[in-house]
Amino acid sequence: GESVGLHLPTLSVQEGDNSIINCAYSNSASDYFIWYKQESGKGPQFIIDIRSNMDKRQGQRVTVLLNKTVKHLSLQIAATQPGDSAVYFCADAVQGAQKLVFGQGTRLTINP
Amino acid sequence: DTGVSQNPRHKITKRGQNVTFRCDPISEHNRLYWYRQTLGQGPEFLTYFQNEAQLEKSRLLSDRFSAERPKGSFSTLEIQRTEQGDSAMYLCASSLHETSGLNEQFFGPGTRLTVL
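First to last, the sequence lines map onto chains A and B. Residue numbers for the first sequence follow this note's numbering, beginning at 1 and rising by one. Residue numbers for the second sequence follow this note's numbering, beginning at 1 and rising by one.
The set of hints was computed from the structure by calculation and includes no laboratory data. Note that this is a predicted model, so its numbers are computed, not measured. Just so you know, not all the hints are guaranteed correct.
What the hints assert, rightly or not - Calculated cross-link-like contacts (lysine to any residue; reagent style SDA-like; alpha-carbon spacing at most 20 Å):
1. A:Lys99 - B:Glu83
2. A:Lys99 - B:Lys57
3. A:Lys68 - B:Gln54
4. B:Lys14 - B:Thr38
5. B:Lys11 - B:Ser66
6. A:Lys99 - B:Gln54
7. A:Lys99 - A:Asn18
8. A:Lys99 - B:Pro8
9. A:Lys42 - B:Ala53
10. B:Lys57 - A:Gln95
11. B:Lys14 - B:Glu104
12. A:Lys56 - A:Lys42
13. A:Lys56 - A:Asn18
14. B:Lys57 - A:Gln98
15. B:Lys14 - B:Phe74
16. A:Lys99 - B:Lys14
17. B:Lys14 - B:Lys57
18. B:Lys71 - B:His97
19. A:Lys42 - B:Glu104
20. A:Lys68 - B:Asn30
21. A:Lys99 - B:Ser62
22. B:Lys14 - B:Asp86
23. B:Lys11 - B:His97
24. A:Lys99 - B:Ala53
25. A:Lys42 - B:Asn18
26. A:Lys42 - B:Lys14
27. A:Lys99 - B:Lys11
28. B:Lys57 - B:Gly40
29. A:Lys56 - B:Lys71
30. B:Lys71 - B:Lys14
To be verified - Listed next, the stretches of chain A that the computed footprint assigns to chain B, with coverage defined by at least 3 CB atoms under 8 Å from CB atoms of chain B:
31. 15-29
32. 102-111
To be verified - Partial selection, computed: residues in chain A whose CB lies under 7 Å from chain B:
33. Arg57
34. Phe89
35. Gln98
Even glycine gets a Cβ: it sits at the ideal position worked out from N, Cα and C.
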């Protein structure tokens, strides 16, 4: 079936360093990908999305890379800050299906 | 606040009772989604509406679950005869559907349900 997964459940980095969170997806028909950040007790917060006609998209301090050949997605966060500590989820969708399929999440901890 | 709102934020109920949650989407959004999230897991899709029409339901949505969006604005999710396995965070999201395809789904803060 369709699934979106993450390689690492936890990641710790030093404040100011860059972090990379990885994600593997299995549905070759997926054409929309999105990263969410979720802090404790809150709903997921949009970070960045990318469509399958692109392989890279940049936002403020974040970059998403998409490799459709190996069905891999990554989120790069530059110059991490304490406020970046959260659980990060990737999700994918097929344009006609609308629903997002989420992975398990990676907990990012920023060490001072 | 113009984001997605959900009420109540927390609900504790006894097994067998019925519960109802409400979601108010971003006002101009025509699509509304319900997801369920258990501890340590990502959200799982339950159902979604375009305006007042319920267009898709997950197999996770048993016959004890019903969702409505009567006027194409707010939505309610009712769980009848609650079971301990229903304990989870129920998330609502909304989006503006355009012909160009999928767009960002904005999530609300969720309703945490605890069934004793």
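Taking the hints in turn, this is what the structure says about them:
1. A:Lys99 - B:Glu83: violated, 25 Å
2. A:Lys99 - B:Lys57: This hinted pair holds, its Cα atoms lying about 10 Å apart.
3. A:Lys68 - B:Gln54: At roughly 32 Å apart (the allowed maximum being 20 Å), glutamine 54 of chain B and lysine 68 of chain A break the hint.
4. B:Lys14 - B:Thr38: The given pair, whose Cα atoms are some 18 Å apart, holds under the 20 Å limit.
5. B:Lys11 - B:Ser66: holds, 17 Å
6. A:Lys99 - B:Gln54: The hint holds at about 13 Å.
7. A:Lys99 - A:Asn18: violated, 31 Å
8. A:Lys99 - B:Pro8: violated, 24 Å
9. A:Lys42 - B:Ala53: Cα-Cα ~28 Å, so violated.
10. B:Lys57 - A:Gln95: holds, 17 Å
11. B:Lys14 - B:Glu104: Violated - the C-alpha atoms of glutamate 104 of chain B and lysine 14 of chain B are around 36 Å apart, more than 20 Å.
12. A:Lys56 - A:Lys42: violated, 28 Å
13. A:Lys56 - A:Asn18: Satisfied, since the Cα-Cα distance of roughly 17 Å is no more than 20 Å.
14. B:Lys57 - A:Gln98: holds, 11 Å
15. B:Lys14 - B:Phe74: The given pair, whose Cα atoms are some 26 Å apart, is violated under the 20 Å limit.
16. A:Lys99 - B:Lys14: violated, 31 Å
17. B:Lys14 - B:Lys57: violated, 26 Å
18. B:Lys71 - B:His97: Judged against 20 Å, a Cα distance of about 17 Å means the pair holds.
19. A:Lys42 - B:Glu104: holds, 17 Å
20. A:Lys68 - B:Asn30: violated, 30 Å
21. A:Lys99 - B:Ser62: holds, 18 Å
22. B:Lys14 - B:Asp86: holds, 11 Å
23. B:Lys11 - B:His97: violated, 31 Å
24. A:Lys99 - B:Ala53: Roughly 15 Å between the alpha carbons, so the hint for lysine 99 of chain A and alanine 53 of chain B holds.
25. A:Lys42 - B:Asn18: violated, 24 Å
26. A:Lys42 - B:Lys14: violated, 24 Å
27. A:Lys99 - B:Lys11: violated, 26 Å
28. B:Lys57 - B:Gly40: violated, 23 Å
29. A:Lys56 - B:Lys71: Cα-Cα ~39 Å, so violated.
30. B:Lys71 - B:Lys14: violated, 31 Å
31. 15-29: With 0 residues in contact (Cβ-Cβ under 8 Å with chain B), the coverage given for the region 15-29 of chain A is violated.
32. 102-111: holds (count 4)
33. Arg57: violated, 13 Å
34. Phe89: holds, 5 Å
35. Gln98: This hint holds: glutamine 98 of chain A lies near chain B, its Cβ roughly 6 Å from the closest one there, short of 7 Å.
Of the numbered hints stated above, those contradicted by the structure are hints 1, 3, 7, 8, 9, 11, 12, 15, 16, 17, 20, 23, 25, 26, 27, 28, 29, 30, 31, 33, listed in ascending order.
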